[in-house]
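A.B. asks: Just so you know, the protein sequences line up as chains A and B, in that order. Reminder that position 191 of the first sequence reads as 211 in this note's numbering, one-by-one numbering, no gaps. Reminder that position 108 of the second sequence reads as 121 in this note's numbering, one-by-one numbering, no gaps.
By construction, these hints were calculated from the structure, which means they are not laboratory data. You may find that some hints are simply not true.
Pulled from the structure, derived: some chain B residues nowhere near chain A, Cβ distances all over 12 Å [as the list claims (entries may be wrong)]:
1. Tyr72
2. Thr165
3. Lys250
Straight-line C-alpha distance at most 27 Å; calculated DSSO-like pairs for lysine-lysine [claimed, not checked]:
4. A:Lys324 x A:Lys189
5. A:Lys245 x A:Lys189
6. B:Lys250 x A:Lys161
7. A:Lys324 x B:Lys250
8. A:Lys53 x A:Lys161
9. A:Lys305 x B:Lys37
10. A:Lys161 x A:Lys245
11. A:Lys333 x B:Lys37
12. B:Lys292 x A:Lys324
In this text, a Cβ means the ideal position worked out from N, Cα and C, and glycines have one as well.
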Amino acid sequence: MRHKILVHAEQIDGELQPIALELLGAGRMLADKLGADLEAVLLGHNISHLAQTLIHYSADCVYVADHPELAQYRTLPYRRAWVDLLNHLPQPPHTILFGSTTSGRDLAPRLAAYLETGLTADCTSLDIGPFEYSNSKDQSKSGTFHDCLYAIRPSFGESLRARILGPWKNPQMATVRPGVMQAVQPDYSRTGRVIPLAVNLQESDRLVQIQEIVRNVTSQVQLSKAEVIVAGGYGLGAPDGFQLLRDLANCFANSAVGASRKAVDAGWISYAHQVGQTGKTVRPKVYIACGISGAIQHRVGMDKSGTIIAINKDSSAPIFKFAHYGIVGDLYQVIPELIRQMRSSLRQAA
Amino acid sequence: MDRLLSRPLNCYVLIKQVPDQSSKAGVNPDGTIDRAKAKRMLNPFDRYALQAALQTKQYGAVVTAITMGPPPAIEVLYEAIAHGVDRAILLTDRRLAASDTLATAYALYKTLRWASQGRSLDLVFCGLQTTDGDTAQVGPQLAERLGIPQITYCESFTLQGNTITAKRVIEGGVQILQTQIPALLTITNSAQRLAYKTLRGAQRVQQLQRDEQARSQVIHTVSLDDIGADPERCGLKGSPTIVAATEKIGEIGGNCQVFQGKAVGVMVQQLLQEVPLAKLQEAK
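Based on the provided sequences and hints, a complete structural model is requested.
C.D. replies: The following block contains the structure:
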């Protein structure tokens with residue numbers, strides 16, 4: 021029987037999220053290497069029309085659970101839909117992929133614990149390959165395995181990239197960072213099967229109710245779609261520093277303010293601005309990192325930016341190793357000067 | 014903040030000792046960490062979980078801190094006690110070595126079951142994730158084992174009767190969620206910051222460090238056998254994943270053009286000559 025690669029096709033308010041197409045892009049590569057089918061799981065309400073898009077982006081088959089109680093993401097109803105689907109498949113899928121979003125990181129571990137299978141978090145690269153394992157402490161696991169999922173992720177504290185494997189049991193599961201994988205070019209002539217799923221929620225699946233959802237569209241959209249991001253770190257020294265960063269950001273037509281985890285940790289700015297491991301992955305045209313040391317946690321969230329400019333007092337800060345341009349100096353002097361010179365060039369042009 | 018007291022509330026906070034990444038101590042040349050030599054600290058995210066757990070004391074809760082790790086991990090339990098938790102449990106056993114998140118969640122599940130014998134299990138608090146593993150998986154995995162709802166990315170919450178109302182951070186906004194206890198919450202780093210240690214807490218720690226008998230009443234050190242955990246489901250054997258290989262992350266770019274040692278005006282001018290930032294400006 022052919023293997024299956026399943027991906028969770030995340031949608032919000034009926035809009036497919038970019039991660040859904042990115043997972044299909046990654047899943048296509050894995051499926052081709054394995055000779056497997058690539059299948060998407062689409063959960064929501066009034067979302068059935070999105071199935072065709074998933075097929076255009078290389079899904080061979082789409083399972084759709086369209087139900088009012090799935091309209092907004094909730095852990096337990098989404099868990100139930102997945103569990104019911106997996107229990108109906110003749111054999112476990114080879115691999116299941118989720119996005120490392122606030123819902124993917126909520127649901128995937130819950131499902132992995134139900135299945136008692138392995139899950140690797142926040143992968144930045146995936147592959148299929150062989151694996152030879154021998155460990156005297158655990159003979160039962162030793163052996164040679166073929167067609168294993170390689171789940172590759174930065175191991176932050178240690179500045180390493182780790183390849184995590186779990187070939188002993190299918191499904192092999194991973195969450196994948198948004199903004200890392202590439203979607204395939206859509207083929208609008210592609211066809212595929214759409215299989216509706218029955219939704220049978222139990223009372224215990226309704227234990228959590230959503231009272232309210234507030235999306236501050238401006239800050240979110242700005243960070244992921246901004247051409248220029250001005251980001252601040254612990255080197256700002258105080259929350260007031262972000263006002264200066266906002267002033268600089270306001271110079272640009274399409275900009276947003278970002279922050280490192282340390283700055284968020286310090287309570288200087290809200291979590292919505294966080295870039296990096298637990299925040300967002302961004303790739304603006306220009307990323308201006310102010311007082312950010314450039315720890316790996318931050319770097320994975322922004323190192324695909326077009327041009328990275330670092331402003332930092334400490335010339336030995338790691339950020340200077342991967343930024344494209346750097347100014348070693350006091351950001352409280354550099355940024356006002358940068359604003360002044362940019363404005364004056366604008367006046368000259370006018 | 015009125016909770017109708019029908020019975021005492023029992024809350025549990027799961028914390029972890031992690032290597033201090035701001036310290037170079039214990040970092041091997043190949044980039045791996047020698048945990049025995051590394052400087053140790055309480056996982057930064059757990060500080061928010063601890064604060065959230067202590068918040069339940071206003072509802073009359075008994076708060077238990079739980080950690081799993083080698084014997085020195087008792088340090089984070091002392092820290093939790095200094096901040097005001099009532100009792101603490103250290104799960105320590107060599108057979109836990111090389112546990113992945115699934116095996117960790119199983120061991121913690123068994124510890125929680127042991128810790129809640131003869132008392133209720135109402136709320137479990139975890140940090141969103143740890144800074145050494147960065148997975149955010151153990152909380153949801155534990156909630157699944159316990160068969161209770163979870164609220165991850167929780168920023169704040171209130172408790173009224175048995176109803177918990179929580180603010181959950183999502184992409185570009187928040188959700189307000191409501192559920193009944195028991196529930197498991199993972200707390201973000203945008204939540205309320207950990208308050209200072211209390212004088213009473215600090216004095217209590219001093220006393221516990223001196224007095225072994227008093228310590229054994231407050232801090233329970235347990236093994237897999239004590240909590241009735243199956244060793245086959247712990248550590249390397251109980252872990253469906255392993256780290257097969259690691260490689261040092263190469264320096265990308267590496268040819269940063271750095272302006273330094275000149276007047277600020279000159280450096281900024283040089284930068285603007287290289288990067289046409291002015292073109293991205295908004296005409297005002």
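A.B. asks: Does each hint hold? Answer for all of them.
C.D. replies: Consistency of the hints with the structure:
Residue-level check passed: Tyr72 (chain B) sits 20 Å from the nearest beta carbon of chain A, beyond 12 Å. Not every beta carbon of chain A lies more than 12 Å from that of Thr165 (chain B), the smallest distance being close to 5 Å; the non-interface claim is violated. A Cβ of chain A approaches the Cβ of Lys250 (chain B) within 12 Å, the least distance being about 5 Å, so the stated non-interface status is violated. With a C-alpha separation of about 34 Å, the suggested pairing of Lys324 (chain A) with Lys189 (chain A) is violated against the 27 Å cut-off.
Proximity of Lys245 (chain A) to Lys189 (chain A) is assessed by CA-CA distance (about 39 Å); at most 27 Å being required, the pair is judged violated. Between Lys250 (chain B) and Lys161 (chain A), the direct Cα distance comes to roughly 8 Å. Compliance with the 27 Å bound is thereby established for this hinted pair. A threshold of 27 Å between alpha carbons decides the hint, and for Lys324 (chain A) with Lys250 (chain B) the separation of about 38 Å lies outside it, so the pair is violated. For a cut-off of 27 Å, the pair hint linking Lys53 (chain A) to Lys161 (chain A) stands: about 24 Å separates their Cα positions.
Only pairs whose Cα atoms come within 27 Å are accepted, and Lys305 (chain A) paired with Lys37 (chain B) is rejected, the gap being roughly 34 Å. For the suggested pair Lys161 (chain A) and Lys245 (chain A), the alpha carbons sit about 46 Å apart, so the restraint of at most 27 Å is broken. A C-alpha spacing of about 20 Å is found between Lys333 (chain A) and Lys37 (chain B), which places the hinted pair at or below 27 Å, so the restraint holds. Restraint check for Lys292 (chain B) and Lys324 (chain A): the C-alpha separation of about 21 Å stays at or below 27 Å, so the hint holds.
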